[in-house]
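Respectively, the protein sequence lines represent chains A and B.
Taking this note's numbering, the leading residue of the first sequence gets 1121, the next gets one more, and so forth.
Taking this note's numbering, the leading residue of the second sequence gets 33, the next gets one more, and so forth.
Because the hints were derived from the structure by calculation, they are not lab data.
Among the hints, erroneous ones may be present.
[Unchecked claim] Below, in silico cross-link-like pairs of lysine to aspartate or glutamate (EDC-like), each with a Cα-Cα straight-line distance of 20 angstroms or less: (1) B:K126 to A:D1179; (2) B:K126 to A:D1188; (3) B:K85 to A:E1300; (4) B:K126 to A:D1261; (5) B:K186 to A:D1179; (6) B:K126 to A:E1300; (7) B:K167 to B:E190; (8) B:K186 to A:D1185; (9) B:K186 to A:E1229; (10) B:K126 to A:E1229; (11) B:K173 to B:D194.
[Claimed, not checked] Cβ-Cβ distance ranges computed for the label pairs, FRET-style: (12) A:E1236 to B:L169: 49 to 57 angstroms; (13) B:G214 to A:N1156: 41 to 49 angstroms; (14) B:P195 to A:R1142: 22 to 30 angstroms; (15) B:A90 to A:S1253: 21 to 29 angstroms.
[To be verified] Covered stretches of chain B (in silico footprint by chain A; criterion: 3 or more residues with CB under 8 angstroms from a CB of chain A, positions within the stretch not fixed): (16) 152-165; (17) 189-203.
Ideal Cβ positions, reconstructed from N, Cα and C, are used throughout, including at glycine.
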Amino acid sequence: MTDRALVATFGFDERRVLPALRLLAYDELVLLAGRNSTRADGYARLKALEPSLRTVLVDPFDLGDCLDRTASTLRDLAHANRSVRLSVTGGTKILGAAALLAAFQEGVEAWFCDPEPVRLPVLRGVRIVESVSPAARDLADSLRGPMPADRLLSRASGHGLSAREARAALGQLVAHGLAEEALDRGTVIVRPTTVLEAFRPHLSRHAARKA
Amino acid sequence: MYHSDHAKSRDARAKVLEFCRALGVTASGVELSDAFDLIEIATRIRADVRREKASGAAVRFNIAGGTRLMSSAALLVCILEGVPATYVHDETHKEIPLPLLRMTYGDHLTARQREVLAFLVENRERAYTETALAKALGVHKATMNHHLRELGAKGAIERVRDPDDARALQIRAAPGMELLLG
Chain A
1121 MTDRALVATF
1131 GFDERRVLPA
1141 LRLLAYDELV
1151 LLAGRNSTRA
1161 DGYARLKALE
1171 PSLRTVLVDP
1181 FDLGDCLDRT
1191 ASTLRDLAHA
1201 NRSVRLSVTG
1211 GTKILGAAAL
1221 LAAFQEGVEA
1231 WFCDPEPVRL
1241 PVLRGVRIVE
1251 SVSPAARDLA
1261 DSLRGPMPAD
1271 RLLSRASGHG
1281 LSAREARAAL
1291 GQLVAHGLAE
1301 EALDRGTVIV
1311 RPTTVLEAFR
1321 PHLSRHAARK
1331 A
Chain B
33 MYHSDHAKSR
43 DARAKVLEFC
53 RALGVTASGV
63 ELSDAFDLIE
73 IATRIRADVR
83 REKASGAAVR
93 FNIAGGTRLM
103 SSAALLVCIL
113 EGVPATYVHD
123 ETHKEIPLPL
133 LRMTYGDHLT
143 ARQREVLAFL
153 VENRERAYTE
163 TALAKALGVH
173 KATMNHHLRE
183 LGAKGAIERV
193 RDPDDARALQ
203 IRAAPGMELL
213 LG
């Protein structure tokens, strides 16, 4: 039987985490917490209750750091064949929002237990990155700044995509708001958007793993 | 601007509206009757977002304010509708674009799985066992069992004990699945 891991965001008050511990069965408990949180009395009480708990340190006021560490924790547990659930009830609001976003990115069930359990609707195991085809991921990787569409498409052809596949991939990037096309003195220029820049590390990670 | 019916939240709305008026920015507030009902909030926000998009407006969402459930519902809608979302940091006031993309969850189910799930969503008030569900949808019991196992693995359905028969299990769509299908 697959071991069940519960990942929970934590601030200073163990009472924000306890309902999830009672309601969501687990074999392994992982806390996402700031360094200061691990010095809190609430953390000591939780550790006394669950001596085997593991803590992943995050900067609870840095959304990017919280997102990266939560996502990598969820991925590591999934690779270790754990059935993973995430409680986003404790900790700072930034940590909660980032953890929730990581849950959507990685296709992991997220729960609020405050104290009644509320499960966020998500299809388990379905990751956001899967809404972009591998061809579009490759094209996004090549798009590092404004460039003529012809040059971008010929680069894609160099990576083994047919012209038709490359055009479809570009269309998908535009449809997802990852790239913009504009006419400049008769030439179609493609630009990466801020959405692509924000999402690029996530896309690259999955492209690299695929390779 | 979405806010709860709490007095502090109403006060904050009044201040934000006044501030926007002073800047000449059009703003309006939407009071949510239950700021802790995730599905209701997400359904409301989604309807508003769809209306705005249909009118040609470019929509962006700041999810930093409100209760955790409100911002979670907003984040879910942003993913379902492909709306760019940002988080404005409380202290630095820095605008952080969130790395998310539009997700059509229905595309990750087979046509038959979608049909079964849609049926369960439409018939939430009725209880179905696996056998009754197979009969209602005109498929063999073994085929239905396969679809339900797949849906169960994705967390799209729940199996609960039949209160009238301890040996039987009732099948229900998991909460919020209507949002993922719609």
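*Going straight from one Cα to the other, do B:K173 and B:D194 come out at no more than 20 angstroms?*
holds, 19 angstroms
*Under the criterion that the straight-line Cα-Cα distance not exceed 20 angstroms, is the pair B:K126, A:D1188 satisfied?*
holds, 18 angstroms
_Holds or violated: B:K126 to A:E1300, with C-alpha atoms at most 20 angstroms apart_ = The hint is violated at about 24 angstroms.
*Take the C-alpha atoms of B:K126 and A:D1261, compute the straight-line distance between them, and say whether it is at most 20 angstroms.*
Roughly 27 angstroms separates the two Cα atoms, so the pair is violated.
*Is 49 to 57 angstroms right for how far apart the beta carbons of A:E1236 and B:L169 are?*
violated, 32 angstroms
*For the pair we were handed, B:K126 and A:D1179, check the Cα-Cα distance against 20 angstroms.*
Distance of about 16 angstroms is within 20 angstroms: holds.
*Does 41 to 49 angstroms hold as the CB distance between B:G214 and A:N1156, or does it fail?*
About 42 angstroms separates the Cβ atoms of B:G214 and A:N1156, which means 41 to 49 angstroms holds.
_20 angstroms Cα cutoff - pair B:K85, A:E1300_ = holds, 18 angstroms
*Has the segment 189-203 of chain B got at least three residues whose CB is nearer than 8 angstroms to a CB belonging to chain A?*
violated (count 0)
*Hinted pair B:K186 and A:E1229, Cα distance within 20 angstroms*: holds, 10 angstroms
*So does B:A90 sit 21 to 29 angstroms from A:S1253, Cβ to Cβ?*
holds, 26 angstroms
*asked:* Check whether the Cα positions of B:K186 and A:D1179 lie no farther apart than 20 angstroms.
replied: With Cα atoms ~31 angstroms apart, B:K186 and A:D1179 exceed 20 angstroms; violated.
Against the hints set out earlier in the document, violations occur for numbers 4, 5, 6, 8, 10, 12, 16, 17.
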